[in-house]
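In order, the protein sequences belong to chains A, B and C. Everything in the first sequence is counted per our numbering, starting at 512 for the first residue and increasing by one. Everything in the second sequence is counted per our numbering, starting at 91 for the first residue and increasing by one. Everything in the third sequence is counted per our numbering, starting at 4 for the first residue and increasing by one.
Treat the hints with caution; some may be incorrect.
Unchecked claim - Examples of chain C residues lying across from chain A (beta carbon under 8 angstroms, computed):
1. Phe11
2. Ile14
3. Gly18
4. Leu22
5. Thr48
6. Thr51
7. Ala62
8. Leu63
9. Gly66
10. Lys69
11. Glu97
12. Leu116
13. Ser117
14. Leu188
For the record, the hints were derived by calculation from the structure and aren't laboratory data. All C-beta atoms in this analysis are idealised placements derived from N, C-alpha and C, irrespective of residue type, glycine included.
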Amino acid sequence: MKEKYAEDHIVPTGTYTAVWLALLILLAATISVAKLRLLAQFSVLGSLVIASVKAGLVLAFFMHLKYEGRFLKGMLTIALSALTLLIGLTFVDVWLR
Amino acid sequence: MISEGTGDTGAGFYERTKKYRWVIAEWMMSTDHKRIGVMYLMALLSFFSVGVVLGFTIRLSLLAPGLLVGQQTYNELFTLHGVIQIFLFIIPGIPVAFGNIFLPILIGAKDVAFPRINRLSWWLYVTGAILVLTSILMKGGPPDTGWTFYAPYSIRTPANISTAVMGVFVLGFSSILTGLNFVTTIHRMRAPGMGWFRMPAFPWTLYATGWVQMLATPVLAITLLFIFLGRVFGVGFFDPTKGGDPILYEHLFWMYSHPAVYIMVLPAMGIISEIVPVFARRSLFGYVAVCMSALGIAIVGYAVWGHHMFTSGMSDTARVIFSFVSFLVAVPSGVKIFNWVSTLYKGSIETDAPLLFALSFIFLFSIGGLTGLIIGALATNLHLHGTYFIVGHFHYVMFGGAGFSILAALHYWFPKITGRMYDERFAKLGWLNLFIGFNILYFSMFVLGFQGMPRRYFDYPSQYHTGHVISTMGSWFLAIGLVIIFANLIRSIFKGVKAPMNPWGGKTLEWTIPSPLPRENFEEIPVITRGPYSYEEEAR
Amino acid sequence: MGMWFFLFTEILFFGGMFLLYSIYRYKYALDFHSGAAEENIILGTINTCILLTSSFTIALSIGAIKKGLKNLSLRLQFATILMGLAFLVIKYFEWTAKINLGIYPDSPVLLKLSKGEILFFGLYYVMTGLHGLHVLVGVVVISFMFYFTRSGTINRDDNARLENTGLYWHFVDIVWIYLYPLFYLIT
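Extracted from the complex, chain A is given alone in its bound form:
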């Protein structure tokens, strides 16, 4: 029994180009946010949010995740949740000491 994985789906060049341009625009955005000299926490948060959007675009389109099955998306979620848990629980220690 095999789960369904992405059939051989070729992403159109146009989509790739659009993603690339979006990434460059987000790069410019992230620099602007940094230059705004916001409060420390927001600066970190803002940069990380934009970085995550960029990462998400790379994952979804360049790495094909948008076209893959539920299993794979689920497993990636598990891996990311694991990391979040590790960092989160450690912070519960350090932050509240």
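Given chain A, work out where chains B and C should sit, using these hints.
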């Protein structure tokens, strides 16, 4: 029905293919999961024996501290005992030996998903082992930090930590690849008709373990790399003089090392789930719950690591959370224990060696688990952390648990791997010695710990002397038991009665192919039409 | 699937480093700010552009081979390799600039700085160093894929190896997407 046929009694997968001139080359270059598994098994048991000798020596030293070995050597002894038993024996343990040999067969596949990566895993294991052993012999002396390599001592000690952690790093990579291989194999290579819930329990546990191997081991890898970088380049992430926090080391270390104990014990539980139905001649009670609890243990076990650090200085909130989740993880473990016992109830029990070891597992692991609850509670942990109580606890779960499971598997699958039957009387005699010796050796540690005897201490005040003597005498019984067991198995390889295809009447796929295992697992990949345990039909 | 699993292990591997970074940033926020101010934003931004574009080219190269456009795929793979090497060259300059200032692990100059700055630069070297190592490995692997594509082993019907290589390369890109703001921008 128990097969009366003799099956194929030829050389099976041991037969030479004549592709290489040297037998060693043929085996070391093999990508056959059965050969790789057997090689791993030989290596594991060899390292286990070395570890036992180290433990034996530790106990001897404690009879009269200073008489046998000095302080520094004592530290090196318990460090090596831990490193060898943990990283070279019990973590690779069941997955690389029995997992490799039997996983593809149990799911009706020809081999694992990535046979060449499997071979790479084996080579990495050998490399890592060599590195670790080299660290013993190099100038600077063997590691003396305990197997936990706590910073900042591990950064400052002149012992050969760098080589040792490099070795463990490589071993970790081997483990990651094995986990990756098994998870992919189970996803992709089950025989037609074998849905997830027609798969036997052992592959389920290997699946859960594979995820833990993939998601926890890398954290150890980076942590050990930091120790290495700290020693060689002076990068001070855990060095207070450079702003570092030693407690962060403990966090990172236990983020792996707690899930690691589930790498040790989940496959062990899977084996018990295979053996109990066969020797009770009843289907596994609550099969779905047993499989789901494996996943449950893996997931919950990922969030309990702080219980190794309750006295290190964490925040109160963190300690409460870790304690609470540690109690939670007992639940899926309890589900398994309950289901095994329920399988036995009203069963037709055959008390052969595999079942004796399996029953011991249930008993010993329960004791270990219950004592785990005692030390999982914050108030009691304060008194018991760093004492012999902990040492007793983890030997009960690791040795009494995973160790006994390995012995059970050795006896259960002995006919399938070697084509011969072991001698049942000596197996039982060895078991009895081992069981009695084990309990004397380790139960006394609970008492010692409760009385306040610290662990990893070279000597002690005279009030603890009696406890230590009793414990050491237990170790002698245990050693005799192990000798009998292994002598029996080794002798039976050569002199044992030829084994039939299905000596125990098992229902899983490995009992449908010859003993010893043939080169090609299946002449034709089977089509699965029923669940993995079906003794009830037969009873009617 | 196997390559995705391997990437999960890499997530946890780098994740451990990000964990250390986040804890120490929390503890030594000001020092991390002043540490980041020392970084060369221009070089960092150029490197980010390079890696983002290299992800673009390798994705296109996979699309190309799936359409049977072997030469296009080869050129795109080559472009990716060049960009990977460019990244490493720029990194080399960044590192040597710092080392010439005396800022490297365990250096006397570094040890005089504040604790947070010692940690910041330690993390900088370790994280960008390991990342750079992964870039180097990626460049080597893509070179092998280039060779296989040229010889026809990788072709329209059998290109899983190139796809997997692409996945790895995108992962390396994603790690940098996070490293960049954390080391260069947060000042």
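Inset, instruction - Answer holds if the nearest beta-carbon of chain A is closer than 8 angstroms to that of Gly66(C); otherwise answer violated. - result: For Gly66(C), the interface hint holds, since the closest Cβ of chain A sits about 6 angstroms away, which is under 8 angstroms.
Inset, instruction - Using Cβ atoms only, decide whether Ile14(C) comes closer than 8 angstroms to chain A, and label the hint accordingly. - result: 5 angstroms, holds
Inset, instruction - Double-check Gly18(C) for me: the hint is only fine if its C-beta lies closer than 8 angstroms to a C-beta in chain A. - result: 4 angstroms, holds
Inset, instruction - With chain A as the partner, please determine if Leu63(C) meets the hint condition of a C-beta pair closer than 8 angstroms. - result: 6 angstroms, holds
Inset, instruction - With a cut-off of 8 angstroms on the beta carbons, see whether Ser117(C) makes it to chain A. - result: 17 angstroms, violated
Legend entry - Hinted contact Lys69(C) with chain A - closest CB pair below 8 angstroms: 5 angstroms, holds
Inset, instruction - Please verify that hint: Glu97(C), Cβ, nearest Cβ of chain A, below 8 angstroms or not. - result: 18 angstroms, violated
Inset, instruction - Classify the hint on Leu116(C) as holds or violated, based on whether any CB of chain A lies nearer than 8 angstroms to its CB. - result: Result: violated, 20 angstroms to nearest chain A Cβ.
Legend entry - Hint validity - Leu188(C) Cβ closer than 8 angstroms to any chain A Cβ: This hint holds: Leu188(C) lies near chain A, its Cβ roughly 4 angstroms from the closest one there, short of 8 angstroms.
Legend entry - chain A contact restraint for Thr51(C) - C-beta distance below 8 angstroms: 6 angstroms, holds
Inset, instruction - Grab the minimum C-beta distance from Thr48(C) to chain A and call the hint holds if it beats 8 angstroms, violated otherwise. - result: 7 angstroms, holds
Legend entry - Interface restraint verdict for Phe11(C) against chain A (beta-carbon cut-off 8 angstroms): Since the shortest Cβ distance to chain A is 4 angstroms, the answer is holds.
Hint check: violations occur at hints 11, 12, 13; the rest are consistent with the structure.
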